[in-house]
Amino acid sequence: MIKWIFDSIYIKQDLIMFYVYIFAIITMILITVLIVNKELKKEKDDN
Amino acid sequence: MKKFLSVFKQKNIGCGYLYFYIHFITEIMCFYFLAKVTGNSNFIWLIPFIYDGIAFVPQGLIGYISDKFPKLKLGHIGTGLMLIAYVLLYFVPNTGVYVPLIILCLGNACVHINGAEVTIKNSEGKLSHSAIFVAGGSFGVISGKLLAQSFVPFWFIMILGLTMIPFIMLANTYESSENKKKVTMFDYINDKINIRLIIFLAVFVIIVRGYMGYGLPTAWNKTVAQTVFLYVIMGIGKALGGILSDVFGIRKVAIFSTILAIPFLCIGDNMMIVSLIGVMLFSMTMSITLAILVSALKNNPGLAFGLTTIGLFLGTVPIFFFKITNMYFNLGLIAILSLTCTLILAKVLKKEVAYDKMDI
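Line by line, the protein sequences are chains A and B. According to this note's numbering, the first sequence is numbered sequentially starting from 1. According to this note's numbering, the second sequence is numbered sequentially starting from 1001.
Among the clues, some could well be false.
In silico DSBU-like links for lysine-lysine, alpha-carbon gap of 30 Å or less [said to hold, decoys possible]: (1) A:41 <-> B:1192; (2) B:1351 <-> A:38; (3) B:1071 <-> A:41; (4) B:1002 <-> B:1350; (5) A:41 <-> B:1068.
Simulated from the structure, these hints should not be mistaken for lab results.
Next comes chain B alone, as it looks inside the complex (with noise of 0.2 Å):
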């Protein structure tokens, strides 16, 4: 226990926390605007696609622009981007929806990707930061739908907006020079395979959370208490697989909670406390591939996210297109896939991680 508190302070975690909030106000940002958008339109199907693909897929490349210009404010650049949708969609008669979009989609990859640099690249090898950075982003997304059905007004998100800067000034002081050349302490992967093939099998796994994400039998969800309770557990699951792979290692984490989380998923469809356990182990695995792609492309951080992301966006197509009726099949699905996702893990990252001996 007193291990895991250690956790909590951790060199440079400050900036974990300040970007948990940041991240936490952009997707409320995101998804106020998404929410009002949809609300009254035909666009229900077609708004969330275009935004998952414009908000994820540039990642990568933002990321990479980051990485070879690491004096570029992406933080500012994002937080003014999405300031400047809102402007767009609500001052900006016959703007349409699709630009303010756009420009909401772009602020928020930019807001991502410094929010990963400044974690990853404070952390000293450890996933905590980036963990937390990553939880908050749960927690803003089902706050955001709330305060877009609630009698929240649009300037309201704004201000909410502005909030973001000063937490993106402080988090950014915790850059330094000594700090970036410590992303190569990340070295969690198991050099006797393939670095191409270790990149392919981690974006797979990625690919699968980002199906489960959408695609998990939950007929139990009819409540808006109970939309608010799985997304809440997913933020906690994705914080919890970075703290506890700190305290325990990366490895037995990985392994652990994906293979327990099999049947929790497969027979929580009628029971919630059963299925928020499955959803919360599976969550954990955001952190782990995060620190594989991290430890395979330690000089870019910001593309390694952004691999991530791609990963999470090509995992959320499919259920745009067909969705799997026969439960069966699903369930089987669900399995086959975590199983092979559990292989994926136990046999990309590496046994022994000098680190795991280290005292937090």
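Okay, chain A solo, but in the shape it has when bound (with noise of 0.2 Å):
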């Protein structure tokens, strides 16, 4: 039984580690996105 809650516990962090991963590169590539969008209109303001 308390082996049981100890692996339960462990795979509960592993997940939340994993969703806390998902959730950083999808934040990563929509900064890059708005990134890319202002160099854009930038480079199209400049010329």
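If you follow the hints, you should be able to join the two separate chains into one complex; please do so.
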């Protein structure tokens, strides 16, 4: 029983870390897209 | 032939050779580390997935920072981070796997961005420099995996990592303020198409290539020697893409390599040589898509390179979650995707590039 509780906490921790990782990756991709958009606008204005 | 050989003597091509070695050692460090960590653990699936995400995705942001602060010595920072990851893994007990892994990934990303910036800025609009730099990675990936299975100890890999420092210092001597302005010589894209659409389509081609790299049917690949062949051919293909583009013109090479690759990839499941020709031809698009993105984001070569690695990550994501078992469906998918990439490249690339007519 105790082993099962520890195992489930361990799995939950890993799962939470996994979701944090996915969230971080998506956020980084979105920020990059925004930066690209900003840079293109800037280039257009400069021209 | 004379024109082909003259590519290897181009102005500033030395920075490409130097970064070939730096990229080679970087991948050895990363894949030795990955193979050691996943070798005897339950993380065989999770760790490569985390590695792909943290090494590839932040390169867009790191590239942007490098574009804005060109004095940042990202090559040295990256080497330092990778060495710290090794120290944490082997000398500091109870650190676990994740912290050294994340540090290693960020180090890898910094070195990649530095390599891209240096080779793009010094190439005067040519592709060979960055293609030679990129090719080093394929050789490093397989060497790192093989070294991890051999008797080579971790401290030897750390010494190899230290040897990158003089190479980075030498490569950085190529940088001059005059060369930085020459990024504008990358002018390969069709001006009539919306620039955002061009970026989206180029990233799509990279996603397809990322998927093909892992999802290709290679039933012939059963021995270590055959895996080595596969990676070596991938590396040669990446380098040839840039070199041949400088000789014959980027559009011709893009169209012929992707369209010729289709039959070889489709029928090469059980035939090593046929499959390898297909892999080599398809790998040629690597430097071509980079050139498209640099042409679209002339003031931000680091950011442009970062977009290519984000595309590669997105291409590899499906592989971690599902595998297509129906051979005919997989072959149909490869044929359709390759054909789509050919059409995209034909449409996006400029028909007449003034640079094509120039002597190398």
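A quick look at each hint next to the structure:
1. Proposed proximity of residue 41 (chain A) and residue 1192 (chain B) is supported: the alpha carbons are some 17 Å apart, at most 30 Å.
2. Our distance criterion of 30 Å between C-alpha atoms is met by residue 1351 (chain B) and residue 38 (chain A), whose separation comes to about 28 Å.
3. Annotation: proposed proximity of residue 1071 (chain B) to residue 41 (chain A) holds, straight-line Cα distance about 25 Å (limit 30 Å).
4. Among the hinted pairs, residue 1002 (chain B) with residue 1350 (chain B) is consistent with the structure: their alpha-carbon atoms are about 26 Å apart, no more than 30 Å.
5. Taken as a hint, the residue 41 (chain A) and residue 1068 (chain B) pair is honoured in the structure, with Cα atoms around 16 Å apart against an allowance of 30 Å.
The structure fails none of the hints (numbered hints given earlier).
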